[in-house]
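**Q** Going down the list, the sequences are from chains A and B.
Take the first sequence: its position 232, counted from the start at 1, is 232 in our numbering, and no numbers get skipped.
Take the second sequence: its position 60, counted from the start at 1, is 60 in our numbering, and no numbers get skipped.
Treat the hints with care, as some may be off.
[Said to hold, decoys possible] Beyond 10 Å from chain A on every Cβ pair, some chain B residues (computed):
1. Met1
2. Val55
3. His61
4. Asp67
5. Ile71
6. Glu74
7. His85
8. Ala90
9. Gly94
10. Arg95
11. Leu128
12. Leu181
13. Gly227
14. Gly239
15. Val256
16. Ile348
[Said to hold, decoys possible] Derived list of chain B stretches under chain A, where covered just means 3 residues or more per stretch with a C-beta under 8 Å from a C-beta of chain A:
17. 75 to 84
18. 213 to 226
19. 282 to 289
Simulated from the structure, these hints should not be mistaken for lab results.
The beta-carbon is built from N, C-alpha and C at its ideal position, and this holds for glycine as well.
Each chain is listed here by its residues.
Protein chains: 2
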Amino acid sequence: MNAVVYGVGTSDFGKQRETTASDLAWTALSEVFDDAGVAAVDAIYVGSVFGEMGVAQRALHPFGLHDVPVIRVENACASGTTAFHEANAAITVGRYERVLVLGLEHMSRRVAGALPPEPRDPHGRAGLVLPALYAMAATRYMHDYGVTREQLAAVSVKNHAHALDNRRAQYGMRLTIGEVLASRPIADPLTLLQCSPVSDGAAAAILGPPRGGPRDVRVVACAMGSGGIWDHRSASVWGFQIVRDVARRAYELAGVEPDDIDLVECHDAFTIGEIVTCEALGLADQGKGAWLAASGETTLGGRVVVNPSGGLLSRGHPLGATGVAQVAEVVTQLRHEAGPRQVDDAEIGLVETMGGGVTGIDGNGCVVAVLRR
Amino acid sequence: MNAVVYGVGTSDFGKQRETTASDLAWTALSEVFDDAGVAAVDAIYVGSVFGEMGVAQRALHPFGLHDVPVIRVENACASGTTAFHEANAAITVGRYERVLVLGLEHMSRRVAGALPPEPRDPHGRAGLVLPALYAMAATRYMHDYGVTREQLAAVSVKNHAHALDNRRAQYGMRLTIGEVLASRPIADPLTLLQCSPVSDGAAAAILGPPRGGPRDVRVVACAMGSGGIWDHRSASVWGFQIVRDVARRAYELAGVEPDDIDLVECHDAFTIGEIVTCEALGLADQGKGAWLAASGETTLGGRVVVNPSGGLLSRGHPLGATGVAQVAEVVTQLRHEAGPRQVDDAEIGLVETMGGGVTGIDGNGCVVAVLRR
């Protein structure tokens with residue numbers, strides 16, 4: 001039996017220094033219970049990375065959610081989708097009838113710029129923080145496939161334009177390729193506008209078994225895996241083999257092909273990330289992902305719309321909230337309720353998130369879900 | 001179908017500043033795979049509170065555990081048993097065949113003394129950190145039931161003596177009531193030796209379906225709940241209603257009564273904690289828990305042995321590792337492999353952990369498991 005998403009909700013995404021994680025959760029929780037049309041849940045999975053001990057209980061208690069099992073999970077940038085994965089499994093096996101997934105993260109008082117490496121992380125000490133790793137991948141990828149800086153920047157232009165129609169997004173902007181390339185360099189060839197920002201936000205979803213609700217959206221697959229990326233022994237160190245492997249399992253479970261997907265919310269923490277992830281998801285051949293955004297194929301109105309919400313680059317990337325916000329976007333699209341950013345005739349949507357330690361070398365988690373109208 | 005514990009493992013517990021969480025995990029992982037006699041697992045649940053983003057993946061990757069779903073959970077002091085709860089559920093519903101539970105925490109480089117409240121926690125700002133809350137509960141409890149300081153201290157004497165026979169314990173000591181009461185005051189009436197220490201440690205268990213292994217131990221119940229404690233509207237603010245409720249469900253699931261329990265590993269973060277928890281677990285009537293340790297009933301050789309490992313007070317309390325270490329102790333006892341601290345004829349054991357935010361007011365999680373030889 002597939003689980004069904006009954007409802008979704010989000011807070012605003014952005015730097016909101018005068019709020020707390022609990023404040024943001026309140027907004028998302030208010031929305032999700034209204035939207036799902038349920039009054040109570042049997043268990044709660046919460047994705048949060050930087051929240052203090054007990055952050056989940058603290059955010060839920062004022063809302064009156066304090067009598068059911070609360071399980072906070074952390075899986076770096078994939079924390080929200082890991083919570084979703086566990087909730088989905090709990091429904092499909094019949095453990096619970098109603099499960100709430102909450103993603104929340106308040107980063108702006110904790111982090112400025114790149115996520116700081118842990119003091120004893122040898123890769124971090126060597127300077128291999130995430131922007132540097134993605135930059136190295138971008139450099140090698142550009143060299144091997146004749147990709148240009150302009151093609152990288154096109155991802156940023158597309159996603160910032162998508163975010164203009166998302167009132168919850170952090171940075172909706174009409175940009176040119178030149179403006180993206182002229183923004184402050186972070187780790188060459190990546191400029192500021194090619195890196196996801198520091199964000200605060202919350203997102204929520206309620207899942208249950210099928211109930212015949214006309215707005216309910218089916219979760220036809222949710223696969224999860226772990227593994228290293230940036231493997232220097234591999235001929236394609238930028239290749240995100242883990243995403244390829246997990247996506248293959250998700251497509252099998254869902255009984256669909258990459259060509260069947262109408263829209264994707266994926267992990268564009270950096271522009272190069274969206275490009276190699278689209279390849280790993282089978283939306284383009286290896287080495288051809290850079291042509292997707294540049295040609296308009298993944299822009300609203302194109303063949304397969306990637307990150308109609310604005311993605312991590314432009315909607316924002318509050319780590320634990322991101323995966324649940326991706327689910328919320330896909331659900332809204334599959335209900336045909338996305339307003340000015342609606343993907344025409346959206347029937348099948350895909351969510352992909354990848355998370356790892358600060359340097360991303362030692363271990364990563366990846367979740368791919370396929371949802372269907 | 002009940003899940004079965006195939007094997008357990010732990011690191012040393014104590015202040016180990018020159019180690020990392022990954023170092024401690026390595027020891028526990030080496031032991032648990034040897035002990036369980038399995039070579040691989042299908043999923044991994046990791047309990048850890050203070051570990052950085054990706055701490056779970058980072059600890060598992062060097063051990064070659066990087067191809068399966070890794071889900072890190074945080075539920076304050078109950079993080080380890082929350083991970084155990086999720087692993088147990090995954091086995092009982094048939095999601096996986098082999099699941100690893102790992103608890104790990106490296107605290108000594110992060111925390112000195114009481115856990116610090118979050119900057120925006122109103123209770124913490126008012127001074128209501130955990131030692132203060134437990135002290136207030138102890139004061140009221142002593143007043144209402146005519147309990148003495150000496151009876152509180154007897155819990156510390158018992159658990160430090162138990163820890164003498166546990167080579168992994170942090171503080172095995174032969175103490176007198178007078179020495180406990182004469183130790184440095186922390187929050188009156190609680191003295192230093194009545195408070196669990198800052199600890200580093202790791203513990204692990206591998207679960208699966210029954211396989212007929214002669215040393216395997218059955219998990220006949222694992223219940224989990226959430227809720228506030230320290231409810232000022234209650235006539236018994238020290239009463240730990242949440243433990244009472246979750247324990248009742250665990251006893252029902254297991255089909256046993258409190259009188260059937262041979263040994264208990266419970267959440268003695270402070271001496272008063274063990275006393276009220278024993279009442280909530282049905283081992284003594286309300287107001288009579290303080291007579292258990294003082295009379296020797298819960299000492300090794302007594303009617304029902306409480307915290308034969310030394311408990312949080314003496315084995316140590318590395319938050320995320322604690323619940324898994326409790327499971328490891330009960331499994332070892334039920335196998336009759338506990339050596340000098342073996343509980344005679346141990347057939348049924350109980351694990352209880354409670355965790356909340358730093359102040360414990362807003363929300364708490366509680367897990368109670370019953371294991372059977």
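**Q** With reference to the structure, classify each hint as holding or not holding.
**A** Structure-based check of all given hints:
Non-interface call for B:Met1 relative to chain A: holds, since the shortest CB-CB distance, roughly 13 Å, exceeds 10 Å. Residue-level check failed: B:Val55 sits 8 Å from the nearest beta carbon of chain A, not beyond 10 Å. A cut-off of 10 Å between C-beta atoms contradicts the statement that B:His61 is not in contact with chain A; the least separation is 4 Å. The non-interface label for B:Asp67 is inconsistent with chain A: the shortest C-beta to C-beta separation is roughly 6 Å, within 10 Å.
Not every Cβ of chain A is farther than 10 Å from the Cβ of B:Ile71; the closest lies at roughly 5 Å, contradicting the non-interface assignment. With a cut of 10 Å on Cβ distances, B:Glu74 falls inside the contact zone with chain A, its closest approach being about 5 Å. The non-interface label for B:His85 is inconsistent with chain A: the shortest C-beta to C-beta separation is roughly 7 Å, within 10 Å. A beta-carbon of chain A comes within 10 Å of the beta-carbon of B:Ala90; the shortest separation is about 8 Å.
Under the 10 Å C-beta cut-off, the non-interface status given to B:Gly94 relative to chain A is violated; the minimum distance is some 7 Å. Remark: the non-interface label on B:Arg95 conflicts with the geometry, its nearest Cβ contact in chain A lying 6 Å away (cut-off 10 Å). Listed as a non-interface residue, B:Leu128 keeps its Cβ farther than 10 Å from every Cβ of chain A; the least gap is roughly 14 Å. No Cβ of chain A approaches the Cβ of B:Leu181 within 10 Å, the least distance being about 30 Å, so the stated non-interface status holds.
Remark: the non-interface label on B:Gly227 conflicts with the geometry, its nearest Cβ contact in chain A lying 5 Å away (cut-off 10 Å). For B:Gly239, the non-interface assignment is confirmed: its Cβ lies about 16 Å from the closest Cβ of chain A, beyond the 10 Å cut-off. The Cβ of B:Val256 sits about 22 Å from the closest Cβ of chain A, beyond the 10 Å cut-off, so the non-interface label holds. Non-interface status of B:Ile348 relative to chain A is upheld: no Cβ of that chain comes within 10 Å, the nearest being about 24 Å off.
Look at the stretch 75 to 84 of chain B against chain A: 3 of its residues bring a Cβ nearer than 8 Å to a Cβ of that chain, three or more, so the hint holds. Coverage of the stretch 213 to 226 of chain B by chain A holds [criterion: at least 3 residues with CB-CB distance below 8 Å; count 3]. Here the stretch 282 to 289 of chain B counts 0 residues with a CB under 8 Å from a CB of chain A, which misses the bar of 3, and the coverage is violated.
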